[in-house]
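Q: Read off the chains here:
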Amino acid sequence: MQSETHILEINDLSVGFADSDGTTNVVNGFSLSIDAAETVALVGESGSGKSVTCLSVMGLLPEAGRVTGGTIRFQGRDLEQLSRAERRSLRGSSISMIFQEPMTSLNPVFRVGSQIAEAVQVHSEGSRDDARRTALELLDLVRIPEAKDRLRNYPHELSGGMRQRVMIAMALASSPRLLIADEPTTALDVTVQAQILDLLGELQSELGMALLFVTHDLGVVAGIADRICVMYAGQGVEYGSVLDVFSGPLMPYTAGLLKSVPSLMGADYDDRLLTIPGQSPLPGSVVSGCAFGPRCEYALDSCTADSVPLKASGERHVRCLRSDELSL
Amino acid sequence: MRSADTILSLRDVSVRFPAEGGKSVKALTEVSLDIRKGEVFGLVGESGSGKTTLGKAILRLVDTHQGQIEFDGQDITHLNTAELRPLRKRMQVIFQDPFGSLNPRMSVESILSEAAGLVESNGHLSTRVDELLDLVGLPVTSRKRYPHEFSGGQRQRICVARALAVRPDFIVADEPVAALDVSIQAQIVNLLQDLQQELGLTMLFIAHDLAVVRHISDRIGVMYLGRMQEVGPSEAIVADARHPYSKALLSAVPVPDPQAQTRRQILEGELPSPIDPPSGCVFRTRCPLADPACANEIPLLKDFSGGRHVACLKL
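Protein chains in written order, with numbering that gives the first Met the number 0: chain A, 0 to 327; chain B, 0 to 314.
Here chain A stands alone, though its shape is the one from the complex (with noise of 0.2 Å):
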């Protein structure tokens, strides 16, 4: 996974929270390569550490939380290494994140105009009227209608789909190299997802920038996505191109993830829904061996009994010892 093309190189990233117990670990080992121009989709279910990733590459960890192993390298810079004012430029220059609820990040007492104005200002040394035209410029080119007015509406003026757009032009705001989307579209309705999607998708190729686009819905995934990374317990375990992995999963996980989603044109309507039984483990629950072979129905005895490495096949690559010998 070593290129001089990634823009962004996680490698073998621990983060642990500090608690009464001492320090709970979430991401455990985890390393992910993203291209230039590339749309990778992080999949996982609640607790995975797919946010608690996302974090650690913005440099937005909570206070209990720290980065306790591996490295996160943007265009080749380590980033723990960085002072915390180096950090701060990069945060909102070159790497950008939206998250999933628009209102909770916007505020509530200004107007979006001079919000999106203010991210303006952060990144450049223009006037405060420089900054206002370009916010103009960002509400077009994410395609808010009447775009001059809404600059003068306060958020809770605006749909839920305005505002998630308002929150993609300030992050867009300094033409950023790497946008990371924390289940961006999950609160919204369905068809304005779409729109949602769509804007992102042709802003990405527009703008040629990176997208790291986090979600729970496999749906979204294939719409939007060339690679996909699933991760599980604080694990990557099955990374691969979107067409390779849903045609064809390497890791149990994957595959029960893809046949439990109802499908809405498939004919199968009628019987029940393929189910992985049980739930994921605890964050700091010890799992001996694979995390997912208490759930997996070809867990063997030798799953459990030490830690399964990353293993390459291709282009892909896959958290299991018994992929090569399962059809899934």
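Source of the hints: derived by calculation from the structure; they are not laboratory data.
For clarity, every value in this text was computed on a predicted model and none was experimentally measured.
Check before you lean on any hint, since a few could be wrong.
Pair ranges (Cβ atoms, derived) [unchecked claim]: (1) B:Lys-313 <-> A:Pro-144: 22 to 28 Å; (2) A:Ser-306 <-> B:Leu-288: 57 to 63 Å; (3) B:Asp-96 <-> A:Asp-139: 35 to 41 Å; (4) A:Pro-61 <-> B:Gln-260: 33 to 39 Å; (5) B:Ile-274 <-> A:Arg-65: 45 to 51 Å.
Even for Gly, the Cβ is constructed at its ideal location relative to N, Cα and C.
Go by the hints and put chain B onto chain A.
A: Relative to the frame of chain A, chain B by itself:
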């Protein structure tokens, strides 16, 4: 539409909420609907479409402004609290957030006995709690535990058990799996489906996820801005929706197959305000088929072949 086995019947039901300046939010407007005994009726639509209000109106948790609601032959539209009490045992509800709807200071045992105590004798309660836990696939050893000791999926199972404790005939499930992870969603959908068949329940299943609704429902109703736009058998709605809004809604659902990506039909514009909805057809401001006539006439649900009803002037 009305037949002998109809358990729930709505006639032109409207619900209004007061808004600023003496105006009102038209949350639900002239909805008519019949649900048969043992049927699962799925209700889809986006935020603000009125699907949750419809569920609450049926349960008499909000007042009906106009129209009539009949449950098992009895007009329940204006029953008072005392008159409603026997009905409450027959109609139950499961909400989206299983944590918010369980009292954190009550053990599973007390949550379930409290509900079951309304219909069971005291001597029978303890056995009934075990029965209920077993019914929803929780170990009987969990009866002494508290809601925070369970995962989201298990908590939703407790809510299902509590709803079933009074042996209801009719259940409103309002987004029962929306807050759960994908792999847990499937477990709860299967559980609801099994229980519905085993106990012969009638269910109003409200959700924004069309694939889940299609999977569990016999018929589906599509709502937009407080009005029912299309009703029909699940398969017919999914395979061949007629109403332009149903079509747009289906087209927006992401397909979990990278090779089956088609150009989505993107719905332009924003949802109009329910305080001042468009005249005529409420969908006309975003409809690709709309012409000036749509502003003048309110489309009523018309019969189409195969048990479907569509409210559109252009069909």
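Q: Under the constraints set out in the numbered hints, which ones does this structure not fulfil?
A: none
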